[in-house]
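Heads up: the sequence lines are chains A and B, in that order. Here the first sequence is numbered in the working numbering, starting from 1 and rising by one per residue. Here the second sequence is numbered in the working numbering, starting from 311 and rising by one per residue.
Wrong hints could be hidden among the right ones.
Unchecked claim - Chain B residues, not near chain A, derived (Cβ > 12 Å throughout):
(1) Val339
(2) Asp409
(3) Gly416
(4) His494
(5) Ser496
(6) Ala517
Said to hold, decoys possible - Here are the in silico distance ranges between beta carbons for each label pair:
(7) Val346(B) with Gly297(A): 34 to 44 Å
(8) Lys327(B) with Ile34(A): 22 to 32 Å
(9) Pro120(A) with Gly416(B): 46 to 56 Å
(10) Arg305(A) with Ser426(B): 18 to 28 Å
(11) Ile76(A) with Lys420(B): 37 to 47 Å
(12) Ile329(B) with Arg32(A): 43 to 53 Å
(13) Gly267(A) with Arg315(B): 52 to 62 Å
Hint data in this document are derived by calculation from the structure and do not stem from the laboratory. Since the structure is predicted, the reported quantities are computational estimates derived from the model, not experimental observations. Ideal Cβ positions, reconstructed from N, Cα and C, are used throughout, including at glycine.
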Amino acid sequence: MTTYHPSMARAWRAARVDNAMVQSRTARVRTRSIKTTTKDHLLRLALSMVDLTTLEGQDTPDKVRSLVVKAKRPFIEMPELPSCAAVCVYPAMVPYAREALDTHFQERRVGLASVATGFPSGQIPLNLKVAETRFAVEHGATEVDMVIDRGAFLSGDDERVFNEIVTIKDACGAARLKVIFETGELGTLDNVAAVSRLAIAAGADFIKTSTGKISPAATLPVTLVMLEAIREHYLATGHMVGMKPAGGIRDAKLALHNLVLVAETLGSDWMTNEWFRFGASSLANDLLFQLARRDDGGKHYVSPRRFSVE
Amino acid sequence: MSRLRIDKTLKLYVNGKFIRSESGRVLAVPTGEGRVVNVAMGSKKDLRNAVLAARKAQGGWCGKTAYNRGQILYRLAEMLDGRADALPTTKADAEAAVDRLVHYAGWADKITQVLSTLNPVSQTYVNYSRVRALGVVVAAPDPKDGLLGMVEAIGAATVMGNGLILLTDAAQGELAAALTEALHTSDFPSGVVNVFFGDQAELLGHASRHDDVDALYLAGAAPAAVVKGLEEENALVLRRVLKVASAAKPADPLQLQVLSEVQTVWMSAYESAGGGSAY
Numbered sequence: 001m002t003t004y005h006p007s008m009a010r011a012w013r014a015a016r017v018d019n020a021m022v023q024s025r026t027a028r029v030r031t032r033s034i035k036t037t038t039k040d041h042l043l044r045l046a047l048s049m050v051d052l053t054t055l056e057g058q059d060t061p062d063k064v065r066s067l068v069v070k071a072k073r074p075f076i077e078m079p080e081l082p083s084c085a086a087v088c089v090y091p092a093m094v095p096y097a098r099e100a101l102d103t104h105f106q107e108r109r110v111g112l113a114s115v116a117t118g119f120p121s122g123q124i125p126l127n128l129k130v131a132e133t134r135f136a137v138e139h140g141a142t143e144v145d146m147v148i149d150r151g152a153f154l155s156g157d158d159e160r161v162f163n164e165i166v167t168i169k170d171a172c173g174a175a176r177l178k179v180i181f182e183t184g185e186l187g188t189l190d191n192v193a194a195v196s197r198l199a200i201a202a203g204a205d206f207i208k209t210s211t212g213k214i215s216p217a218a219t220l221p222v223t224l225v226m227l228e229a230i231r232e233h234y235l236a237t238g239h240m241v242g243m244k245p246a247g248g249i250r251d252a253k254l255a256l257h258n259l260v261l262v263a264e265t266l267g268s269d270w271m272t273n274e275w276f277r278f279g280a281s282s283l284a285n286d287l288l289f290q291l292a293r294r295d296d297g298g299k300h301y302v303s304p305r306r307f308s309v310e
Numbered sequence: 311m312s313r314l315r316i317d318k319t320l321k322l323y324v325n326g327k328f329i330r331s332e333s334g335r336v337l338a339v340p341t342g343e344g345r346v347v348n349v350a351m352g353s354k355k356d357l358r359n360a361v362l363a364a365r366k367a368q369g370g371w372c373g374k375t376a377y378n379r380g381q382i383l384y385r386l387a388e389m390l391d392g393r394a395d396a397l398p399t400t401k402a403d404a405e406a407a408v409d410r411l412v413h414y415a416g417w418a419d420k421i422t423q424v425l426s427t428l429n430p431v432s433q434t435y436v437n438y439s440r441v442r443a444l445g446v447v448v449a450a451p452d453p454k455d456g457l458l459g460m461v462e463a464i465g466a467a468t469v470m471g472n473g474l475i476l477l478t479d480a481a482q483g484e485l486a487a488a489l490t491e492a493l494h495t496s497d498f499p500s501g502v503v504n505v506f507f508g509d510q511a512e513l514l515g516h517a518s519r520h521d522d523v524d525a526l527y528l529a530g531a532a533p534a535a536v537v538k539g540l541e542e543e544n545a546l547v548l549r550r551v552l553k554v555a556s557a558a559k560p561a562d563p564l565q566l567q568v569l570s571e572v573q574t575v576w577m578s579a580y581e582s583a584g585g586g587s588a589y
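Model the full assembly from the supplied sequences, consistent with the hints where possible.
Printed below as a string of structure tokens:
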């Protein structure tokens with residue numbers, strides 16, 4: 001287990017982001033045109049990177065089951081398409097998702113991510129956060145998406161944020177830990193850079209922008225700053241950390257632009273669903289809409305009504 | 311002193327916004343007096359975006375009360391009447407167009423009663439059929455029908471609760487643009503009526519290959535080759551086609567029915583109202 005030292009926090013908080021440069025780089029990415037076979041390849045790759053998500057108060061076991069089937073085989077008319085990377089649900093839905101994942105299309109491997117630690121606010125006591133994480137993992141979650149205590153981070157209590165991540169990482173066991181920052185509440189890109197360094201130092205396997213409950217969420221500038229933190233860490237230690245933008249990525253175009261950013265910042269090693277994910281629900285259908293059109297030589301636009309809602 | 315010439319750029323009207331074509335295609339159309347209008351030519355991708363917008367807006371539009379839809383159609387008549395003198399068309403055409411909108415405004419809360427029925431069935435059920443909106447309609451009015459042709463398509467499609475994409479000929483750009491400006495100041499929710507300029511036959515081809523388009527509205531005599539191509543595509547997704555000879559007369563109720571879906575409801579005669587299921 002990693003231990004905290006105040007000098008570490010000083011190094012994290014020393015992060016300074018050049019806002020003008022970030023804006024200019026992301027603006028350039030938005031104008032990138034991706035066509036033909038490259039587009040085809042990237043659309044499939046993006047689909048395989050989706051953490052198909054349902055995080056609603058109205059979630060039911062049946063809704064989760066249909067989400068699982070969708071994640072395993074996104075579009076029944078095109079069985080050759082890849083599966084999504086994982087489904088992402090609330091802890092209470094984990095047992096149902098596990099059962100469905102083990103029942104349908106067993107030859108297709110799809111992960112099971114559970115949010116934890118009092119998602120989305122993170123405002124519950126640490127022992128409950130640990131218990132929630134253990135519950136999810138014991139019931140078959142292979143990935144845990146925790147939220148940090150933004151209140152603690154914004155009030156400068158880095159030690160508490162750090163120790164919580166370390167504790168939850170320990171509770172995860174073999175499950176991979178994604179740490180959600182909720183960048184929409186952090187205010188500045190400097191804060192995003194600082195918390196990225198903090199979470200990576202504490203042992204996060206993935207860093208994730210947002211819960212999807214707050215807007216703005218996964219904007220390109222925020223994603224770029226986080227990718228740069230991953231790059232910095234990799235160059236210093238040779239240790240890879242994954243990235244998951246989540247929230248607000250609804251169309252294929254924005255997803256492809258995110259991939260451009262990854263390829264340019266981190267390189268092709270990260271261009272797999274082991275190291276990059278999209279937290280999304282409606283994105284999958286827009287990717288399918290594009291893929292289905294290209295499947296018949298670009299002749300027809302299909303009706304979105306042909307895709308399942310979940 | 312001579313004034314600087316103002317060459318107008320005519321923009322597509324999609325989702326309540328005036329936009330240039332994503333394709334960047336522009337056609338310079340001379341309009342006499344040395345003036346030129348630059349007409350944005352709609353592309354396949356513009357059409358795709360318009361279908362998305364129309365689909366999204368259509369639910370809200372058909373969810374409004376029929377009475378309210380009538381009010382909004384009437385408001386469009388008011389907006390068009392207010393600028394009738396400035397419209398680049400004949401006085402007779404402008405007046406006929408305004409009158410046609412008032413005609414459809416009147417139909418809005420009456421057409422359902424005409425087309426819906428209480429069906430005789432030999433069991434203890436109440437069985438009725440009612441018309442519902444079809445969805446997204448793409449219309450190509452006959453350029454010969456002028457403003458009246460465009461307004462006729464708008465009235466027929468929207469009075470039945472549909473979203474509409476109106477494909478007008480680039481040569482009629484100024485007239486169609488004047489119509490979009492009236493539409494923009496009427497109370498039509500964004501995305502319900504979208505207006506394109508361009509090559510009608512080309513755009514119709516794109517529309518017929520978009521599976522999310524529920525019906526085509528064709529006015530006048532389209533070339534046989536174009537129609538055959540459309541029909542083959544339409545057959546693949548059971549898309550409706552409403553053909554009208556000209557806009558001289560408003561569509562009759564049976565023509566309007568083509569732009570709607572009939573929903574038949576069975577209800578047990580013994581149960582209280584509110585039960586039953588829809589097929």
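Against the structure, the hints:
At roughly 29 Å from the closest C-beta of chain A, the C-beta of Val339(B) stays outside 12 Å, upholding its exclusion from the interface. Here Asp409(B) stays apart from chain A, with its beta-carbon at least about 36 Å from theirs, past the 12 Å limit. The beta carbon of Gly416(B) is kept farther than 12 Å from every beta carbon of chain A, the shortest such distance being approximately 33 Å. For His494(B), the requirement that its beta carbon stay farther than 12 Å from each beta carbon of chain A is met, with the minimum near 26 Å.
With a minimum CB-CB distance of about 28 Å to chain A, Ser496(B) clears the 12 Å threshold, and the non-interface call stands. Not every Cβ of chain A is farther than 12 Å from the Cβ of Ala517(B); the closest lies at roughly 10 Å, contradicting the non-interface assignment. Checked against the hint of 34 to 44 Å, the pair Val346(B) and Gly297(A) passes, with Cβ atoms roughly 38 Å apart. Separated by about 25 Å at the C-beta atoms, Lys327(B) and Ile34(A) satisfy the suggested range of 22 to 32 Å.
At roughly 51 Å, the beta carbons of Pro120(A) and Gly416(B) sit within the given window of 46 to 56 Å. Taking the beta carbon of each, Arg305(A) and Ser426(B) are about 25 Å apart, inside 18 to 28 Å as hinted. Look at Ile76(A) against Lys420(B): about 43 Å separates their beta carbons, and that is inside 37 to 47 Å. Between Ile329(B) and Arg32(A) the C-beta distance comes to about 21 Å, which lies outside the given range of 43 to 53 Å.
Distance hint check for Gly267(A) and Arg315(B): the Cβ-Cβ separation is about 54 Å, which falls inside the suggested range of 52 to 62 Å.
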